[in-house]
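In order, the protein sequences belong to chains A and B.
All residue numbers for the first sequence refer to the working numbering, where the first residue is 51 and numbers rise by one.
All residue numbers for the second sequence refer to the working numbering, where the first residue is 51 and numbers rise by one.
For the record, the hints were derived by calculation from the structure and aren't laboratory data.
What you are looking at is a predicted structure, and each value in this text was computed from that prediction instead of being measured.
Wrong hints could be hidden among the right ones.
Copies of the same chain are indistinguishable here, so a pair counts whether it falls within one copy or spans any two.
[To be verified] Keeping only pairs whose Cα atoms sit at most 27 Å apart, straight-line, the calculated DSSO-like set for lysine-lysine is:
1. 88 - 291
2. 105 - 163
3. 300 - 88
4. 265 - 304
Protein chains: 2
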Amino acid sequence: MYISGVGKTKFGVLQEGLHELAYAAAVHALRDAGISPKELDAVYTSNFIGGPDAKQLHLNSVLVSLLQCEGIPAFRNETACASGGTAVFQAVHSQYSNILVVGVEKMTSASGKENGMTIGFAGDRLLDQEEGLIFPASYALIAQQHMLKYGTTLEDLALVSLKNHENALLNPTAHFAHKKVTLEDIKNSEVVSSPLRLFDCSPISDGAAAIVLTKKRNGDRDIQVAASSVATDSISLVQRKSLTSFEATKKAAKEAYIQAKIKPQQLDVLEVHDCFTIAELVAMEDLGLCKPGESKEWVRAGKTKIEGELPINPDGGLKADGHPIGATGVAQLAELTMQLRGEAGKRQVKGAEVGLAQNVGGVGGTAAIHILRK
Amino acid sequence: MYISGVGKTKFGVLQEGLHELAYAAAVHALRDAGISPKELDAVYTSNFIGGPDAKQLHLNSVLVSLLQCEGIPAFRNETACASGGTAVFQAVHSQYSNILVVGVEKMTSASGKENGMTIGFAGDRLLDQEEGLIFPASYALIAQQHMLKYGTTLEDLALVSLKNHENALLNPTAHFAHKKVTLEDIKNSEVVSSPLRLFDCSPISDGAAAIVLTKKRNGDRDIQVAASSVATDSISLVQRKSLTSFEATKKAAKEAYIQAKIKPQQLDVLEVHDCFTIAELVAMEDLGLCKPGESKEWVRAGKTKIEGELPINPDGGLKADGHPIGATGVAQLAELTMQLRGEAGKRQVKGAEVGLAQNVGGVGGTAAIHILRK
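When you get a sec, could you build the whole thing from the sequences and use the hints?
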């Protein structure tokens, strides 16, 4: 399967609603692929909560209506923050030849309280959240354990945030495309859940992203999907053996490397699920880029910067590109496609030929891994 | 692909929550198939709204946790009231060999107002609902048009309701398993949206249903999935050419008959999506059982009763078995499997060898068709 078209709206606090965002990203991707909606034989949509403004579920039917390609099979997939990755997985492994995948989320029209509530639906309601383990607290626990076990510091987390904010300044569609952030800003930001500060957390964003998948390569700009895997883990942290790694990521990654017949060392660029800064460090270790506990050394040495040895999140990641839940996993693949095509503008990773995207749902309850090749 | 196990909870106003219902149906289906959760290589969940009591999305991770089969790929699918049918479709067409599909919905813990609101998310919010076309009104419009065009009467609708309530009396897990309903009760029930009365509408139900799909036939009780198709239509009624038929049903059915290499006349039993009584009549016509406008003749002649020529909804249908949204499409297939196995007890359709299930989302925005063969 090949990615032959990509589209992404601006991520951020936007005026547009769910319908407009989904439509804009879809049309952008179709134009980029050079195909019309009538040529599609399936549509997959990825969305977490359907609202709160539109209060519209059944988005598969909405999308075929907007694109006037009624009739063809269409689906809506939800696996929390991994919705985008699992939607692409299902499309890649489907029987169809020309597929549109659209991820979309509208979040900023809800109050903070409403968002806190609905985002909670992605985690474990019975055990974790009853004990106060909402998302920032869960990732704070992971950060604490990582610090205790490996000597990771607050400064290391801040360096991840700084890199991603610097990358976002080079990405016109990023949520924080125009927000210059210093290390001091990050270190002095308010504590959300110790040790995580505001700038360790990804923002509440609106946005949409879309890709067109085709079974045949149609041109030089098409990028091959060399691997596509999904794995799960328990919804609750209580059932986990370790808090410093995600079994779902490790399992899906192992399978993806086999599918693509590559080793982690052959990757040129990555998009990882940095919903909190600590998650980027854990991802680096789970994906086998470095040994457990070594991610901090890489960050200190600047290895993961755009000009570094192995750039991670050149678009700014969830931290600074933004995190419109259903769109995130699709946007990661749009970014990798642009990188491998050499069309990533000021944030272009030089000579990138192989890229990996890791998309996580909940606190590691679901992981989707894709490897793309030029 | 074969259905090797089925499970269904009681449908109705239940004490159990989302987790317990999903777990109960899943365990029931696994036991029936004689396989353990560890032998599964994928789980598909089907659910519309995730709440309102549990307020839990990301149900794929929840299910693998409950069944202690963490690791394997798992998904959640939502296409309004067709969620069950499209989840089964995705499972049938997947790369996996041993698959569990679990459909679940918890609805009765919400207030009537809340339910009215959230069920609306399945229809078109921009055009239809702004004009008052909530679900009962949309199907009332369809009934009005059917009456005008074909001379269908209030009595015909009442006969559909009566048959389905009579069938439910023979189905211990039906929502209305113990409610004796007379033609007078139906005709005298209050008008919800003219011409539809209370007894023309399916109820608000809790419940879950599950099936186990296996690539190989393991025994005599396994039932073949001879066809599995999905089609879509516009989300809004404004864009439809006709109100007396659903293009999505017609398109998916046409494809399903080709896949199964049969004609409608070869069917022995059907489960159709009678969310409102008029929908059963429209389904009979769209599925090619009879000509447009002729369904009323069949109902008047009693052809669709369990002892009739072509029994429809022997379990009571959405009308009287109940309609826990995400569970409905899966329950239809559980019922057909029991019928084709000859295990349907008092409601057994004699000698049934080929069955068809039609599951609809919204007001015909999505349709999923499955044909099962002994």
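Hint check results:
In this assembly of identical chains, the alpha carbons of residue 88 and residue 291 lie at most 27 Å apart only when taken from different copies (19 Å versus 49 Å within one copy). Taking CA atoms no more than 27 Å apart as the test, residue 105 paired with residue 163 passes in both settings, with 17 Å inside one copy and 15 Å between copies. For a Cα distance limit of 27 Å, the shortest separation of residue 300 from residue 88 across copies, 19 Å, qualifies, whereas the shortest one inside one copy, 39 Å, does not. For the homomeric pair residue 265 and residue 304, the shortest alpha-carbon distances inside one copy (24 Å) and between copies (25 Å) are both at most 27 Å.
The earlier numbered hints are all upheld by this structure, with none contradicted.
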